[in-house]
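Novice: The hints should help you fit chain H onto chain V, whose structure is shown.
Chains V and H are the protein sequences, given in the same order.
Numbering-wise, my numbering comes out as the position in the first sequence, counting from 1, plus 12.
Numbering-wise, my numbering comes out as the position in the second sequence, counting from 1, plus 992.
Everything labelled a hint here was simulated from the structure, so no lab data went into it.
Using N, Cα and C, we set each Cβ at its ideal position, and we do this for glycine too.
Warning: the hint list may mix true and false statements.
If you only want the chain V side, here are some residues facing chain H, beta carbon under 8 Å, derived [stated by the list, open to error]:
(1) Gly143
(2) Val150
(3) Ile154
(4) Gln165
(5) Ala167
(6) Gly172
(7) Lys175
(8) Ser192
(9) Gly194
(10) Asp195
(11) Ala205
(12) Glu364
(13) Phe368
List time: in silico DSSO-like cross-link candidates among lysine-lysine, alpha-carbon distance up to 27 Å [said to hold, decoys possible]:
(14) V:Lys321 with V:Lys307
(15) H:Lys1094 with V:Lys175
(16) V:Lys371 with H:Lys1321
(17) H:Lys1102 with V:Lys371
(18) V:Lys179 with V:Lys207
(19) V:Lys352 with H:Lys1237
Chain residues, written in single-letter form:
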Amino acid sequence: MASKLKNAQLDAKKALETVEDQFQMLQILNEQGEVVNEAAMPDLTDEQLQELMSRMVYTRILDQRSISLNRQGRLGFYAPTAGQEASQLASQFALEKEDFILPGYRDVPQIVWHGLPLSQAFLWSRGHFQGGQIPEGVNVAIPQIIIGAQYVQTAGVALGLKKRGAKAVAITYTGDGGTSQGDFYEGINFAGAFKAPAIFIIQNNRFAISTPVAKQSAAKTLAQKAVAAGIPGVQVDGMDPLAVYVATRDARERAINGEGPTLIETMTYRYGPHTMAGDDPTRYRTADLDNEWEKKDPLVRFRKFLENKGIWSEEKENEVIEKAKEDIKEAIKVADAAPKQKVTDLISIMHEDMPFNLKEQYEIYKEKESK
Amino acid sequence: MATREITYLEAVREAMSQEMRQNEDVFILGEDIGVYGGAFGVTRGMIEEFGPERVRNTPISEAAIAGAAIGAALTGMRPILELQFSDFITIAMDQMVNQAAKTRYMFGGKGKVPMVLRTPAGSGTGAAAQHSQSLEAWMAHIPGLKVVQPSTAYDVKGLLKAAMDDDNPVIFYEHKLLYKTSAEVPEEPYSIEIGKADIKREGTDVTVVATAIMVHKALEAAAQLEKEGISVEVIDPRTIVPLDKETIIDSVKKTGRLIVVHEAVRRGGIGGEIASMVAESEAFDYLDAPIKRLGGKEVPIPYNPNLEKAAIPQVPDILAAVRETVKYK
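Isolated chain H (complex conformation):
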């Protein structure tokens, strides 16, 4: 397959455009996704290609966007809805949690809501308390929803294809700071199975499970630690529901040490789930050190750029955690 380097943002757009070219039932709806191109420019150029009925620029109305997506899906359409910032999922919450997640179940297995909710998450853009959160653990708690968090341009294209092909609602978290990152991405459409982790770097001394932007921070830390003679394995679950337990458990059995890193507030974050899952598994016997969780502080994301950085794990925090963990023999 021919590849070329494109950005994460372009990969998202390409995945949608390719799908929309071959499937008339797929359409996008969201705020300012028309001529404006969406809050981050992801849909730029799409309304020109697909027209206003397939790139539906909506009123500022998150509950209606989510509800209309469900309704359209009930008629056989395959909507992709974009929320400008993942924080606004709070306004669409009833439709996602009480409706989309349960529609198939409440229709006795016969209702179908093939929809993808795409939304940018995370801090780092100076967008402050209400435009910077990472609330994925909320969605991960709801039976009936799948939750995807790609960290690279390659992953985002393949996972978005899989999400669009899925006949169940998928919450698709894009990270704002990753939009401009690049990778080699195949030109043709391809699918990455939802529920398959990726070992982003192999190692033998400690397993670091990291999500979204933290994958890159963990890789940066791993490169530095290599110089100190510490071999770090970095695992990106890529989808947190369903979670690829096997890859994580196998890795911990090999390294005997586990650190989980995410940007979301540590308390109640998905890291707790991963740590518990490992503690309950056969990997428990292999642990040489206490499991560590790194996550956001229990504060709203600050506007001040220095404090904004301090509110979430950074490379030095990962370095310190790894060094401390490998002390246990």
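The shape of chain V in the complex, shown without the other chains:
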């Protein structure tokens, strides 16, 4: 029977291959900083290009300083970001202030560039409750710790923005490992069903702690998972800031035009460990692989691109580096000045109005703290 069927749609394998073939990585700048896709070039001014470069340089310094502050015991939880600057910052660069970011735990740079004071990011890292007190008008959630949970919440934020008539989008980030979670699929599917103005980014940095992406899924690309939810999906070179920017800008435009969400997979790499809590990447990554990815470095290629355009110099870069160091020093000072946390502080931030059951505990600790 089956041999007589000629309908190509009944060839399940072919359907998969056809879909997978469609997901080709978008690249605008190659590793040498040369434009390889003139048609896709975004219309950014020299100042904007310089600003994006500055942010990437600044964030690389922030990463280095955060790692050393963590080692000195002056910072708490930290998930290194080096290698992912294009993926993180060029996507944020395509946003407006009204857009709402729901970050994962590695996505602190995006929310800092979206307006969260650096001192608060440091307090958050230390588990100080003031770190989570997002200032009025800064549209970000605190970084999500549970893998993938931010994806379903993003659908809700997007629906809320839509209901309020805001011309804004909700954008979220997870990693390659996050795509294996039920929340990942539920989030993109739910948002798709309601054409919610959302952007879902997968930063495919190749390893979920130690598990390589090939062991995470049989899917050839993670972007193609969008097909199952019936939403657009795109894979971009996550080491190329211009490709990341363009993909996010286009997704944003579709979202605010009522065309619904987009899934973006950025092909990137984290140079450092998963977090500073004892991970040793040499157990699961080879030096060759590290070297291969470092050649794709987003700062290196973007620097070359800007230098060729004559709008970047060592002097300029040093200015940014000095500014970053200065800001970080100042932010740590501010964080250090935050009052020591008390148990009563933690009890009193749990509810809008303290219920009587907590009041009892509150009184007990208040008594203890007064001694």
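Specialist: Below, chain H alone, put in the same frame as chain V:
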């Protein structure tokens, strides 16, 4: 206030509809809550009045329903989410336990998640092992969540109003078998404070603290026991978090005897919490008899109707427990 007799189900619907008429930020989301009217018909007619954006019929996706409610709440909306059966809270558990319950705390007291998770619980409808449980004690264990279990049409309307007005996540358990019960209910909106027990029947010999459907079984038992000259006080905590300890303690000080009855499995149930709370309190000195807990058997709820009844406390079980307890002098 003008009242009329309506059912528990109608009271739930009325509370939501009245709130939605006066607050644009309130909306409902859940499975089959549109033209179908929800698994038990609670939202029937609402999509016609409020439209599909405010009565959002969702994909079968409990984690996304709960997560989207949280996300919407972060933008200032006040979502009410309906889970078809409270058993499905297992699928929404991460969003409720790790997210909703902790959002405000982790935002340093500045995040706000005003949301109500409404869901029918309990057995008695022949819905078997995966559609009949009473898992409220799980939720009661989580700091940051309030847990409400109304037992009458009057209570359900007032408590739902309070839950919708609350700026924190509230888990709101409706009992399937109570949907068709009726009471005099005011037409106007009113609020019953979350954390206030109600003495459903006054008595002097024994205190029976009962929740949800068990309130009615306890009242039935109390009426029979009155004929035997035993005076039973029936207390409905109405909300298990926060728990109105004072009302329970005062009652036990008066009667000297305590029985706690709930449908949920006895082991690890909220009855253990209530019994311990009394044992730790000044009421301990007043106890004339050991505290008794009645709860569900340690089995999944059976499909067979006779076994289904046998799996949870029934009126004869309460009668026996009271008679045994009052023997202690």
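Novice: The structure should be examined with respect to each hint, and the outcome stated for every one.
Specialist: Hints and how they fare:
| no. | hint | result |
| --- | --- | --- |
| 1 | Gly143 | holds (7 Å) |
| 2 | Val150 | violated (11 Å) |
| 3 | Ile154 | holds (6 Å) |
| 4 | Gln165 | holds (4 Å) |
| 5 | Ala167 | holds (5 Å) |
| 6 | Gly172 | holds (3 Å) |
| 7 | Lys175 | holds (7 Å) |
| 8 | Ser192 | violated (14 Å) |
| 9 | Gly194 | holds (6 Å) |
| 10 | Asp195 | holds (5 Å) |
| 11 | Ala205 | holds (5 Å) |
| 12 | Glu364 | holds (4 Å) |
| 13 | Phe368 | holds (6 Å) |
| 14 | V:Lys321 with V:Lys307 | holds (21 Å) |
| 15 | H:Lys1094 with V:Lys175 | holds (25 Å) |
| 16 | V:Lys371 with H:Lys1321 | violated (37 Å) |
| 17 | H:Lys1102 with V:Lys371 | holds (19 Å) |
| 18 | V:Lys179 with V:Lys207 | holds (14 Å) |
| 19 | V:Lys352 with H:Lys1237 | violated (33 Å) |
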